[in-house]
Amino acid sequence: MSSTPASHTSVQLKSQRAFLVAARRAALSSPQRLADIHADTQVTIEVAAWLARLKALMGVPFAYLVPDEEMLPPESLRFFQVDQNWLYCLIDGAYSVARVTTDDVAHDHAVAPHLHAATNHLVARRLAGGNGLPKKILQITGFLLRSGVVSGWPGMKVQCQDAEGKVLSDPALRIECIAPDILLCLVSGVIAKVIFQLPPESLQMGIDRDSDTGKLSPTKELRSTIAPPDKPDLKPGTFIHGCKAPIFLRDHSRTLKVNATASAMRSALAPLKAIADFTPAEFGVEMSEGLQMVTFSNDAVHK
Amino acid sequence: MATQPPQTGTVKFVDAYAPILEAGEYLITVEQSISGKDSNGATIAENYVHARRLFVQGERFSLDPSEIAGVFPGNLNRGDHDNVLPQICFSRKTLPWERDPGISRMLKEPPTLRAPWLALLVFFEDDAPIVGQNVKLGELAHVPYKPDPNATTTVPSSLPAYTASYADGYAATFGKDKQWELEAGQHHWDICRVIDIPVELFSTIAPSCTDLGWLAHARTISDSRGVADAARSSSADEQNAGDAASDDFSLVFANRFPESNASTTVHLVSLEGMAAFLPTDDNGTPAHIQTIAKQDATFVRLVSLYSWSFTCEEPKESFSGYLKHVNVGPLQRADVPPDKATTEDQIVRQALAMGYTALDHDTRYGDRTVSWYHGPFVPSAAPIPDQEPSPPIGEDGAPTGIAPLATADEALRYDPTTGMFDVSYAASWQLGRLMALRDKSFSLALMTWKRMNTHKTFAAIHREAIDRQFGAALALVPLPPEPPRGPRSFLAPDKIAPTARGPVRETTARRAAFQLVGNLESLFDSLNADRDGESNGSSKEVK
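One line per chain: the protein sequences are V and G, in this order.
Sequential numbering from 1 applies to the first sequence in my numbering.
Sequential numbering from 1001 applies to the second sequence in my numbering.
Hints were generated in silico from the structure; no laboratory data involved.
Bear in mind the structure is a predicted one, so any value in this text is a computation, not a measurement.
There could be a bad hint or two in this list.
[Unchecked claim] Below, computed lysine to aspartate or glutamate pairings styled on EDC-like, alpha-carbon distance capped at 16 Å:
| # | chain 1 | residue 1 | chain 2 | residue 2 |
| --- | --- | --- | --- | --- |
| 1 | G | K1108 | G | D1281 |
| 2 | G | K1178 | G | E1022 |
| 3 | G | K1450 | V | D40 |
| 4 | G | K1450 | V | E164 |
| 5 | V | K215 | G | E1313 |
| 6 | G | K1440 | V | E46 |
[As the list claims (entries may be wrong)] Here are a few chain G residues that sit away from chain V, every Cβ distance over 10 Å (derived from the structure):
| # | residue |
| --- | --- |
| 7 | S1033 |
| 8 | D1038 |
| 9 | P1129 |
| 10 | K1146 |
| 11 | T1152 |
| 12 | P1156 |
| 13 | E1181 |
| 14 | H1187 |
| 15 | W1308 |
| 16 | E1464 |
Where is the CB? At the ideal position from N, CA and C, for every residue including glycine.
All chains, full assembly: derive it from the sequences and hints.
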């Protein structure tokens, strides 16, 4: 054993190495220490974007979503809430790739808050619809609709509301036909009501049908075309409760007496101050069909 | 009407869009008169007139299909439409008001509405038959016409003496003020589609003079996307919403409801100058329809610009018909047994109400059992257990203070009272792992990120350890490229730790420092290599 400076250093390094290993062990076994080191660690966008898609359950096989066909028979609509635990396990499972050693577990633990925060941030950005600030993610709920309308009316519009009437689906977290006749909708917030509507292009002119006989109804329920002065909250286009006008037809030909019907509507609406003027535009509003909107309530949600 | 842009997903109704110029022939005359005296005192009185003829062309005997934005009910549609007035939409917002049917001539007071020249006539299967055919424009009047561009002589019109058409309508509506004639660019030999309607039927179903103005309006739609579009944009991922567009179009609707359980044909006809033939009042009192030769007509010939047909059927085939038959409920198995006192029934009922279903379970040891499973969707009323492996959810929606799972088994739950497993969370964990592994680009990105994190940890730990051990000496690294002249020491006296072993000879200190730095670099590398081969935290002993 010579005592040249070089070998002296090498001996020192051996103990040095043991020291470093010990220091590392100590740091890795202290979650606080690891968290401090990774306080500014950023998540790569590929990872966060993929997990954000997973958070909307994209790519999850249908059999996992609905394990039993009895839960979603043909021509049915099913409300649900999303189990956060299930979602957490799904995300953690994806996150578990390359998690082998206890060191890995310690690291995954330390940076998990960043990972979940980044994922949630992207989800929140999607909920903001690309404009405005990211929205806070509330409890995620949704519905599944299995019906012929899904394939038959692809232009159908869906609106979800919570118990306070706030619109939750603008935009929805996810709204997608996951099978030709199955529509999946996920929103942030608790759905109390979902409204299906045909697009405005197909707004039709027509009158109601008597629900018992199927014959044309002799009256038409009227809408306001402006907000009346005494009811400023009434939106134009909403029905005025109990306000009806007769429908006049020519004898035996199903032909509408248009001017007579329009005049009757005008005289029914004028005392209510629900019209400013009565032109073909207002007549068009009054004649538009109200039936092509169907609302479902989620009975499990009480205000 | 308000001029603000409409909100998304709204429809604005407009009574009519008047064209700036109606179709037809115009004469522009410019006239200038000069009067006064010239320098010689002679009186000047001159008048200059300049005239230009102008033709505004518009649809008259045919319609470009691209002008039609849509019809309802759709062509050949079978559905529940017998309470709906058929309608046609035009992409040009002024189209229905570009010509004059002559209504103002028929009313005692000046009309308040601008009447369209287009109307939809609805014909049933059991109406008196109408005859459709393609004819030359000359066949719309009773006078002889030139049948082709090169003809030197005219031929008599084949329009029967008992059929009234536009020439007759103009004569009855406008009298001597206006005559029916072709406009610039229109020829007697052009072909158009006409229908001959029995007078009695026409008087029964045609809108009256007072009705016509109500049957057209314009709409401004601000687009809101349907389900199909929304799905497309959601898969295209973030930041692309807000592409709403608004659209103007005009709309003409019919005055007759389609027949139930039968086929219905709709014709878009031109009523240009035909006001005199329309029923005269609100009750549809028929007009006296005569040809130009004062003969009572038995048919009316109208230009059919477009036609389509559809069938009205059972209500179930409609949008609302479908939805009315939809069964609504929570997402759970329906066969919850009725209330019974047995414990087994209670347990099953409880589980199903929470969205569980029982599935066959092949365990890892090869035995088969039945376990509970539920998906991510559970009934809204079901309480979600707030326990392992669920982490408490923080303010920002991120779980806090829970260690990630090492295996799916950690998420298995066992109910000792029933002896059954709940595999829901274990299954979802395993599914997430498999999905991540299947997507190579994601698993690679995730691994790269994790490796970066590990290296960051080690770099931080080592940096700190070395700082502590070697004190300020390493603050010298990197070495200056060229030792400065003058005093040959690069160990500045104040940088040496106070515990340094006495004065160090320059050359020895320098060699030691170089070696130290080099050795540390390789040490880090070997430590990192160790770390990759290490498992279960058993640290290797350093030799």
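Now the hints, each set against the structure:
Distance restraint check for K1108 of chain G and D1281 of chain G: the Cα-Cα separation of roughly 11 Å lies within the 16 Å cut-off, and the hinted pair is therefore satisfied. The hinted pair formed by K1178 of chain G and E1022 of chain G meets the criterion: a straight-line CA distance of about 15 Å does not exceed 16 Å. For the given pair, K1450 of chain G sits about 14 Å from D40 of chain V by alpha-carbon distance, which is consistent with the 16 Å threshold. At most 16 Å may separate the alpha-carbon atoms for a hinted pair to count; K1450 of chain G and E164 of chain V exceed this at roughly 44 Å.
Note on K215 of chain V and E1313 of chain G: the hinted pairing holds, with a Cα-Cα distance of about 14 Å set against a maximum of 16 Å. The straight-line distance between the Cα atoms of K1440 of chain G and E46 of chain V is roughly 12 Å, inside the 16 Å bound, and the hint therefore holds. The Cβ of S1033 of chain G sits about 44 Å from the closest Cβ of chain V, beyond the 10 Å cut-off, so the non-interface label holds. Residue placement check: D1038 of chain G keeps its beta carbon more than 10 Å from all beta carbons of chain V (closest about 58 Å).
Against the 10 Å criterion, P1129 of chain G stays outside the reach of chain V, whose nearest CB is about 16 Å from its own CB. Distance to chain V confirms K1146 of chain G as a non-interface residue, since its nearest Cβ pair spans about 40 Å, more than 10 Å. Every CB of chain V is more than 10 Å from the CB of T1152 of chain G (nearest about 48 Å), matching its label as outside the interface. At the 10 Å boundary, the C-beta of P1156 of chain G stays outside the reach of chain V, the nearest C-beta of that chain being 36 Å off.
At roughly 30 Å from the closest C-beta of chain V, the C-beta of E1181 of chain G stays outside 10 Å, upholding its exclusion from the interface. No Cβ of chain V comes within 10 Å of the Cβ of H1187 of chain G; the nearest lies about 35 Å off, and the non-interface call holds. The non-interface label for W1308 of chain G is consistent with chain V: the shortest C-beta to C-beta separation is roughly 15 Å, beyond 10 Å. Under the 10 Å C-beta cut-off, the non-interface status given to E1464 of chain G relative to chain V is violated; the minimum distance is some 7 Å.
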